[in-house]
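There are 2 protein chains.
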Amino acid sequence: MGVLKGACMFGQSGGPTSVINASAAGVFIEALKQENITKVYGAAHGIRGILDEDFYDMGMEDIKELELLKNTPSSSLGSVRYKLKDVTVDDTDYKRLLEVFKKYDIRYFFYNGGNDSMDTCNKISKFMANSGWECRVMGVPKTIDNDLFGTDHCPGFGSAAKYVATTVMEIKQDANVYDTPMITVIEAMGRNAGWITASAALAGAKGHGADLIYLPEVDFDIEKFLADVKVKMDENKGKCLVVVSEGIHDKDGVLIAEKFAENLSKDAFGHAQLGGIATTLANLCKEKFGCKTRGIEFSLMQRCGAHVASGRDIEEAFNAGATAVKCACDGMTDKMVIFVRDMSSGSYECKYDVLDLNLVANTEKKVPLEWITENGTNLSDEFVKYALPLIQGEPNMVKEDGLPRFAKLKKVSAKK
Amino acid sequence: MGVLKGACMFGQSGGPTSVINASAAGVFIEALKQENITKVYGAAHGIRGILDEDFYDMGMEDIKELELLKNTPSSSLGSVRYKLKDVTVDDTDYKRLLEVFKKYDIRYFFYNGGNDSMDTCNKISKFMANSGWECRVMGVPKTIDNDLFGTDHCPGFGSAAKYVATTVMEIKQDANVYDTPMITVIEAMGRNAGWITASAALAGAKGHGADLIYLPEVDFDIEKFLADVKVKMDENKGKCLVVVSEGIHDKDGVLIAEKFAENLSKDAFGHAQLGGIATTLANLCKEKFGCKTRGIEFSLMQRCGAHVASGRDIEEAFNAGATAVKCACDGMTDKMVIFVRDMSSGSYECKYDVLDLNLVANTEKKVPLEWITENGTNLSDEFVKYALPLIQGEPNMVKEDGLPRFAKLKKVSAKK
Numbered sequence: 317m318g319v320l321k322g323a324c325m326f327g328q329s330g331g332p333t334s335v336i337n338a339s340a341a342g343v344f345i346e347a348l349k350q351e352n353i354t355k356v357y358g359a360a361h362g363i364r365g366i367l368d369e370d371f372y373d374m375g376m377e378d379i380k381e382l383e384l385l386k387n388t389p390s391s392s393l394g395s396v397r398y399k400l401k402d403v404t405v406d407d408t409d410y411k412r413l414l415e416v417f418k419k420y421d422i423r424y425f426f427y428n429g430g431n432d433s434m435d436t437c438n439k440i441s442k443f444m445a446n447s448g449w450e451c452r453v454m455g456v457p458k459t460i461d462n463d464l465f466g467t468d469h470c471p472g473f474g475s476a477a478k479y480v481a482t483t484v485m486e487i488k489q490d491a492n493v494y495d496t497p498m499i500t501v502i503e504a505m506g507r508n509a510g511w512i513t514a515s516a517a518l519a520g521a522k523g524h525g526a527d528l529i530y531l532p533e534v535d536f537d538i539e540k541f542l543a544d545v546k547v548k549m550d551e552n553k554g555k556c557l558v559v560v561s562e563g564i565h566d567k568d569g570v571l572i573a574e575k576f577a578e579n580l581s582k583d584a585f586g587h588a589q590l591g592g593i594a595t596t597l598a599n600l601c602k603e604k605f606g607c608k609t610r611g612i613e614f615s616l617m618q619r620c621g622a623h624v625a626s627g628r629d630i631e632e633a634f635n636a637g638a639t640a641v642k643c644a645c646d647g648m649t650d651k652m653v654i655f656v657r658d659m660s661s662g663s664y665e666c667k668y669d670v671l672d673l674n675l676v677a678n679t680e681k682k683v684p685l686e687w688i689t690e691n692g693t694n695l696s697d698e699f700v701k702y703a704l705p706l707i708q709g710e711p712n713m714v715k716e717d718g719l720p721r722f723a724k725l726k727k728v729s730a731k732k
Numbered sequence: 317m318g319v320l321k322g323a324c325m326f327g328q329s330g331g332p333t334s335v336i337n338a339s340a341a342g343v344f345i346e347a348l349k350q351e352n353i354t355k356v357y358g359a360a361h362g363i364r365g366i367l368d369e370d371f372y373d374m375g376m377e378d379i380k381e382l383e384l385l386k387n388t389p390s391s392s393l394g395s396v397r398y399k400l401k402d403v404t405v406d407d408t409d410y411k412r413l414l415e416v417f418k419k420y421d422i423r424y425f426f427y428n429g430g431n432d433s434m435d436t437c438n439k440i441s442k443f444m445a446n447s448g449w450e451c452r453v454m455g456v457p458k459t460i461d462n463d464l465f466g467t468d469h470c471p472g473f474g475s476a477a478k479y480v481a482t483t484v485m486e487i488k489q490d491a492n493v494y495d496t497p498m499i500t501v502i503e504a505m506g507r508n509a510g511w512i513t514a515s516a517a518l519a520g521a522k523g524h525g526a527d528l529i530y531l532p533e534v535d536f537d538i539e540k541f542l543a544d545v546k547v548k549m550d551e552n553k554g555k556c557l558v559v560v561s562e563g564i565h566d567k568d569g570v571l572i573a574e575k576f577a578e579n580l581s582k583d584a585f586g587h588a589q590l591g592g593i594a595t596t597l598a599n600l601c602k603e604k605f606g607c608k609t610r611g612i613e614f615s616l617m618q619r620c621g622a623h624v625a626s627g628r629d630i631e632e633a634f635n636a637g638a639t640a641v642k643c644a645c646d647g648m649t650d651k652m653v654i655f656v657r658d659m660s661s662g663s664y665e666c667k668y669d670v671l672d673l674n675l676v677a678n679t680e681k682k683v684p685l686e687w688i689t690e691n692g693t694n695l696s697d698e699f700v701k702y703a704l705p706l707i708q709g710e711p712n713m714v715k716e717d718g719l720p721r722f723a724k725l726k727k728v729s730a731k732k
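Top line first, the protein sequences correspond to chains C and V. To get the numbering used here, take the position in the first sequence, counting from 1, and add 316. To get the numbering used here, take the position in the second sequence, counting from 1, and add 316.
In case anyone wonders, no lab produced these hints; they're calculated from the structure. Do not rely on the hints blindly, as some may be mistaken.
Selected chain C positions facing chain V (Cβ under 7 Å, derived; list incomplete) [unchecked claim]:
#1 Pro332
#2 Glu415
#3 Val493
#4 Asp544
#5 Ala622
#6 Gln708
#7 Asn712
Backbone N, C-alpha and C define an ideal beta-carbon position, used for all residues, glycine too.
Isolated chain C, as found in the complex:
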């Protein structure tokens, strides 16, 4: 592995997180330091910006603003959901990428995203290698879903978990304030993997948790759900706080949200719109128990709540980006940065390593079934032991007049 001189390109892809920009900061700040990296480009809207030759010269930015990216949620360069075709079916995009890489002498490519994005990264890596264009390709992991294979956890998850745990604790205070029965149902993100929803158990570990937690890892049965709620209401003077994943489904794999949506769409009402799964289940409970209910959706807040981000998550996201650059400069390619942790050790330590892109692309990691306890409605201490260290540390957000001071990028277009 010799010295490779040339430009680097970085892109953000997929759903945003509170810390995806921290990884961007890690890539940019480290890349700007590297002698062999001649230019640092940031793609507008990920792969889309590369195809369109729409990217920024990050060397024109103030370092101070790049530092502020650590506390700026979402993807400051813009994100994209764009799936590259199989190269054997249609290689148009690949050829175009190669053209752009050659034009700008791009020898380093860093792509920040989740499962789909690592698939993109993997495909580009293989195509460049096969084309004989020497380019070191590194994936930087990101996803609030925490479902990437091969890494202990994913940047973005700790902050989403902290949002969920903190907010569940606060809602627990509020929802049970009256002396009358009340059922509250909260929806958290996670289509196939229940990590974010499971984080409500961290609130439980502090004595202010949900009474029932439902993950997509376990089939959801509506009659059992209503029976579970009844038991908790009897135990808790008519109060019940439930957290469900958006992805809960029945034993045939049909999403519970879709089951009800189908009923409604048959009616083809012009303006009526089904509430989310939280509202739907809250309404079911209202019918069944005749008491006050409330459905709450954590919506975008759980993935952009930078003001309540995990300090450790920010730091690790930054390091993931910086590590990708260092590894590439050391000669590595075709890898994704991973986090390694020794769970048998008493103290938390995150080590950075790499794994073949082939292995991580398109593989999902779910919550282990043995961590799901109590009739499928809670998480074990093992989960708490796993997740609690990930939400530690305050975000140290710079504020102006009591409000976040987000990074202001100049976004100077690269010279064509």
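Place chain V on chain C using the hints.
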């Protein structure tokens, strides 16, 4: 006004806020210091707990835990929505209250709440005076709605405003991340007064605000709304972020949310449930513009988000409680504590004063129409000048393992 020796009773009433417990802390900590206050009681679920003789001896609590109430959202003693009848119609409850007051020698009564609670407080004050039972009655203001008459602002509003402004800023980062058109509609609280929704303009003052803000102070017209959205989409590359108050209504006063709910309920679907006004408007936009849309409800989070509370709001809420106790001990009765501010002064200073309960009970203060600008869809600099000082200061929340450490009260029942 001579010395009055006896017990004091404190109750929390109405919808919770992030700082209502800070006022409780102010009352308790100050009352426990006062020589003439022989016992300090906290009522479970406000007036309900007094009627049921269900209250706690706050002298049994650790001061450290009472201090933690400053950062514990919602009403730790429990709240209630209970409207006392007119005494000329039915004086049963009043006689019962008098009985309890006499039994426990309650000579100081502090009630913490919004409009309805000040009405309760006022009625009790007049009844005790007419019954010849010397008891000093003081209202402690509280409402995220900021609609109490006679006070510059209300404890609870600053924190709700900070939640809204911070979260709108974060959502703005997230909602506009893709390179495709997107309309996001957020619902904030406020049935009749738009203060909370207006706080989205504070995000705007920082350059990350909503494109359109709709308050209940202005009649809402659906066709105009769609036209407004169109203009913003054209200006902003297909992006539009809207914040609406739950209380928006048409020119006949019919709530927009109810207009759509009526359509749906006619169909009498078993399980289908209408989403909130945000989802409804987002869906309307989807039909009209054919692009991706999202409805978001700030729900309980905006009134219990203690982790993002305004430090100034916490301090003032505490002082409001302490001031009520001091004023009562100085001989005052039949008043509510108010905040006075000189808006012509360059710097912010909040002074504490009192106002007759008669004047504040059941009167609503709305957002001045002259502060609503630009076609009824934004707020003036005057509003920002008014509201921005109220969200200053961090909450300084005590945390354990990265999560809030809420107050743990012993709740020792008062001896009967």
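Verification of the supplied hints:
no., hint, verdict
1, Pro332, "holds (5 Å)"
2, Glu415, "violated (21 Å)"
3, Val493, "holds (5 Å)"
4, Asp544, "violated (18 Å)"
5, Ala622, "holds (6 Å)"
6, Gln708, "holds (5 Å)"
7, Asn712, "violated (11 Å)"
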